[in-house]
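Whole structure, please, built from the sequences with the hints as guidance.
Read off the chains here:
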Amino acid sequence: SPCPGEPISEDSISPWNIDISRNGPLPQGNGTPLIGKNIYLEKCAACHGASGDGFMDIYPALRGGIGSLATKTPLRTVGSFWPSPESVLDYVRRAMPLNAPQSLNADDLYSVVSYLLYINNIIPQDFPLNEKTISSVKMPNRNGFIDTGEENGKITFPYKEVQDRLGNCFRKK
Amino acid sequence: SPCPGEPISEDSISPWNIDISRNGPLPQGNGTPLIGKNIYLEKCAACHGASGDGFMDIYPALRGGIGSLATKTPLRTVGSFWPSPESVLDYVRRAMPLNAPQSLNADDLYSVVSYLLYINNIIPQDFPLNEKTISSVKMPNRNGFIDTGEENGKITFPYKEVQDRLGNCFRKK
Amino acid sequence: GTALLATLSQKSKKSEAAELDIPSWTREPGAPILKKAYGAPSSFEKDVVRRTWTKMRGGQGSTLTPLASLRGIITPGGLHFERHHAGVPDIDPAQHSLVVHGLVSQPMRFSLDDLHRLPSVSRICFIECSGNTGTEWTKATRADVQSTHGLLSCSEWTGVPLSYILGETGMEADARWVLAEGADGAAMSRSIPLKKALDDVIVAYAQNGEALRPEQGYPLRLICPGYEGNMNIKWLRRLKLGQYPFYTREETSKYTDLMPDGKARQFSFTMGVKSVIVRPSGGMKLTSPGLQEINGLAWSGHGKITKVYVSTDGGKTWIAARLDGLILDKCLTRFTLPWVWNGQKAILQSKAYDEAGNFQETRQILHARYGDNLYYHNNGIQSWLVSETGDITNVFI
Amino acid sequence: GTALLATLSQKSKKSEAAELDIPSWTREPGAPILKKAYGAPSSFEKDVVRRTWTKMRGGQGSTLTPLASLRGIITPGGLHFERHHAGVPDIDPAQHSLVVHGLVSQPMRFSLDDLHRLPSVSRICFIECSGNTGTEWTKATRADVQSTHGLLSCSEWTGVPLSYILGETGMEADARWVLAEGADGAAMSRSIPLKKALDDVIVAYAQNGEALRPEQGYPLRLICPGYEGNMNIKWLRRLKLGQYPFYTREETSKYTDLMPDGKARQFSFTMGVKSVIVRPSGGMKLTSPGLQEINGLAWSGHGKITKVYVSTDGGKTWIAARLDGLILDKCLTRFTLPWVWNGQKAILQSKAYDEAGNFQETRQILHARYGDNLYYHNNGIQSWLVSETGDITNVFI
Ligand code: HEC
Ligand code: HEC
Ligand SMILES: [Ca+2]
Ligand SMILES: [Ca+2]
Ligand SMILES: [Ca+2]
Ligand SMILES: [Ca+2]
Ligand SMILES: [Ca+2]
Ligand SMILES: [Ca+2]
Ligand SMILES: [Co+2]
Ligand SMILES: [Co+2]
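Heads up: the protein sequence lines correspond to chains U, Y, X and F, in order. Numbering follows this note's numbering, with no gaps: position 96 of the first sequence is 96. So this note's numbering is basically just the index in the second sequence, starting at one, shifted up by 1000. So this note's numbering is basically just the index in the third sequence, starting at one, shifted up by 2000. So this note's numbering is basically just the index in the fourth sequence, starting at one, shifted up by 3000.
Rather than coming from a laboratory, the hints here were simulated on the basis of the structure. Incorrect hints may appear among the rest.
As the list claims (entries may be wrong) - The calculated label-pair distances, taken between Cβ atoms and stated as ranges, are:
1. Y:P1124 with X:D2021: 39 to 49 Å
2. U:T133 with X:Q2243: 18 to 28 Å
3. X:P2289 with F:S3105: 21 to 31 Å
4. X:V2395 with U:G67: 31 to 41 Å
For every residue, glycine included, the Cβ atom is placed at its ideal position computed from N, Cα and C.
Quick look at the structure:
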């Protein structure tokens, strides 16, 4: 092809399009802590411990630490530190379980993450976590972050340079 | 010691002080082509050939080529190209035989080099080559080199920079 | 035999009257050419290697560059520090591609060959993990500079400016952020401000002249000059343009900076101005008084280094060091200073300044300002104590 | 899979409608950290290695840098070309030293530790064997750029300026030349003008950040920026100051330039201004018309590169290329130019200019000027013929 690269449809990309965030669309699925507990015990507890307290400095604790952030021994966990449940869904979907990343289906994902929220006393054990209910989840540290503003400022596209070097392959915005 | 490096005497350096050149002192020793022939056959001929004509592109010829330099097939050898016998002594002492460099004593060195000169018809087979007679050897190509002059020009010592950085370790010239 | 660059080792004793030996390697031919079609360091340098403090957990962890043994500004590929979250994937470049989508005019996929056909740029810049020297935030914990500062390396990177790639895909007017994602088992992901992406970010396929090393993201890595190491996404497979940051784990749970009030600074990207003396440094021993070279590295994510001052008395007096060789934007800069050690106690420190007007402060001042829990982005002044015996240790000042 | 940087390989076929695969390396953890304490390239890059044309004779010969696969200006240590006359010695640095004597005030001996205590400098510069492209002097003989131009590499070198060492030993007023000698089995030796020695010559102990590689002279090498490769004496053990050149074999029988009248130019040290297109280049194949990058290297022993022109029509018309990244004194300089290949026959050439006012001429012109027998110091213009099928070959113009 005259221009390097091939057009591709968003549909084709979907197996890679795995990010989940508070500003983006959510996967369709549903789960409760009750179901999530079994998944947790089967797929997570070996590393993170039966109760989610982690293992030494090796496997992080997934519960506890709420109220510890301003102390001399802050414990940063899903419960105490993570600002939004979407980020937990995102991370667990892409990276956990460590030995088999990207192996959880959407229901299992909602289930096991709802279980993590449950053991942090954020939701009750029968809470159905899904793309609708997630907005009602209130993370304890949701207001705990201060934006440095480093990303702000004028966005400048180097028009002339790109035009010079891409020629006809330059797609005007 | 406060300054990096140790003073050393020229005497101590003598085992490393192996260079021989037309402008420097020569090793004391003596040899003739007749003696040199045996050394050559024992230590050199296996690579450079019994008659000194070398072997393919692998081992260089040590004789021949006189008069060939301005032709389409120049043959550069000790006979046709090397400008001075001191350079041959220098090179053979430091680098030959390839499998045992720096193994020849001074007499053997004078002998084997005289043999190379002999097979190029530069000296007769009973010529005693030594630090006295060497000046009478006339290499065919002794006037064959044109100095580019690249090395000429003012020699500037970066006095201030060296003084700044060596401090008391700077030895004024 | 001791490694040439491994330590300030004991000087070998010389009897000055004796004649020099002619060693075996001068009396016989050495190894043939092409013994190694791809070469390796001398066996006498076997101690100059990456090391780790990570407790064993497979691919999750980091290794440290042996800074005390390195010279100049280039880190050889084999010694570049590592930080992986799911190990080092062994990617077949023919099976790999980069997808660019989201708020673009035309989503596109680029093979390696496609990227090689696009215009390339090369630049030298450092990568520092924002956890580098985190262990030294509140006290001196580790003995040597590999352990304190070794999450730092510098390479020549070559690839395609991200702005050219976005020139091919086009962009929507509301795009503000770029999600960058790896093809490793952690699918490591970070949000990059579009402002930065269009400024100097590169989709790199080469490092120090050759293809990226597997540990550095072979076959593709995002290079975000001056930003914390983690944002230079390795094994890059996907770039997605969006209006908002993506709030990935590595910019919420991790790489945010906890302040005394329990709030955490988020999107702290740029690595601050910093420097460290690497020779002499912790764990070395000076064996005789006299002329030495004090030699170190300075760098800033904000631009070029303008000055480095060195103190040998724990910060009472400062002397301007010489900046050696290249002084480049967001790049390691080497500084040197001749020093005559008088055999007395000394405390060696360095303090760097950058062109954006930043300078390095003592750990003490930073610690007082940010509290106990910051950990990331520690750019405090490092102090090495030289004792009267010449032994050098890490001290907290 | 094909090597990432080895060739302009066939684009992998993509079915654009199908969904992307999730490869195995995304679904499982990769190799643990510190699997290699000293890293190595990906196994997919196994073809990016040094190669040789030397007929087998042990340590005497040369290997060639795979220029077509390299980017930027740094040559990784493992790929630096080799030229040895008695193989690669395996030197114990604790047993090695540098002796400086002759017309000095005080002969001295320096251990490696001594040299590390002296003030250091780092600089990036190329080393080119003056026999590089010698085979191409009168006709096009070799198929690819590794074989034609591969006796060329570029590294960051660190060490002590020779002027500082001579500052310690002092010099006699009549000193004009320095003999530099190696500790290898060839005791390789060359005469360096004292003018050069005091200008920018370095006694180097490090290369690209780490200790010199054995093939590059571990533990010490003389670096004479811009001079023919052979003068950068490896395994350096001795420097002797004298009033006259020493007329060693490598400046009489070899590395002198034979002219048509049978006279030979002697002491031709400086490598002329030169350039070569490395991508696309001989042996590669363009697989589709469209946007390409023309990418090459330019260098001069006389100083900085000022301009590089590129022709795609065998020298009829010339376009200024972009000089990429750093433009340094006596250093490789990368040039790039976007090019739309229209699927027709093309002849690619590059022509470099330096700050001393030199420029590169066609091989034909040089050949007419210097005759058949010169061989060394060939800095003619290289031509690559692109056929209508996209195959690229070496042609003599
Ligand atoms: C084989 C070991 C292992 C298994 C099994 C495992 N994890 Fe993990 N997990 C880890 C390690 C190690 C980390 C830290 C990774 C890092 O820092 O890059 C981690 C990190 C996490 C974190 C992030 C913690 C934080 O605060 O940043 C979450 C959440 C998590 N795991 C959830 C899970 C869930 C849910 C499962 C099962 C579905 C699971 N893990 C299975 C080892 C494991
Ligand atoms: C094991 C093989 C071998 C042996 C034995 C050997 N040589 Fe050589 N010789 C070579 C090779 C190979 C070269 C080329 C070396 C190079 O180019 O660096 C050479 C080069 C020379 C040259 C330089 C030729 C030129 O014109 O530049 C001379 C002179 C020479 N040898 C003399 C001798 C003498 C005298 C001996 C014996 C005392 C000897 N050689 C033994 C392999 C050998
Ligand atoms: Ca295309
Ligand atoms: Ca913001
Ligand atoms: Ca001393
Ligand atoms: Ca002269
Ligand atoms: Ca941060
Ligand atoms: Ca020459
Ligand atoms: Co990091
Ligand atoms: Co050479």
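Against the structure, the hints:
Distance hint for P1124 of chain Y and D2021 of chain X: a CB-CB separation of about 40 Å, consistent with the stated range 39 to 49 Å. Roughly 24 Å separates the CB atoms of T133 of chain U and Q2243 of chain X, a value that falls within the hinted 18 to 28 Å. The supplied range of 21 to 31 Å is met by P2289 of chain X and S3105 of chain F, whose beta-carbon atoms lie about 24 Å from each other. For the hinted restraint 31 to 41 Å between V2395 of chain X and G67 of chain U, the CB-CB distance of approximately 35 Å keeps it satisfied.
Taken one by one, the earlier hints all hold for this structure without exception.
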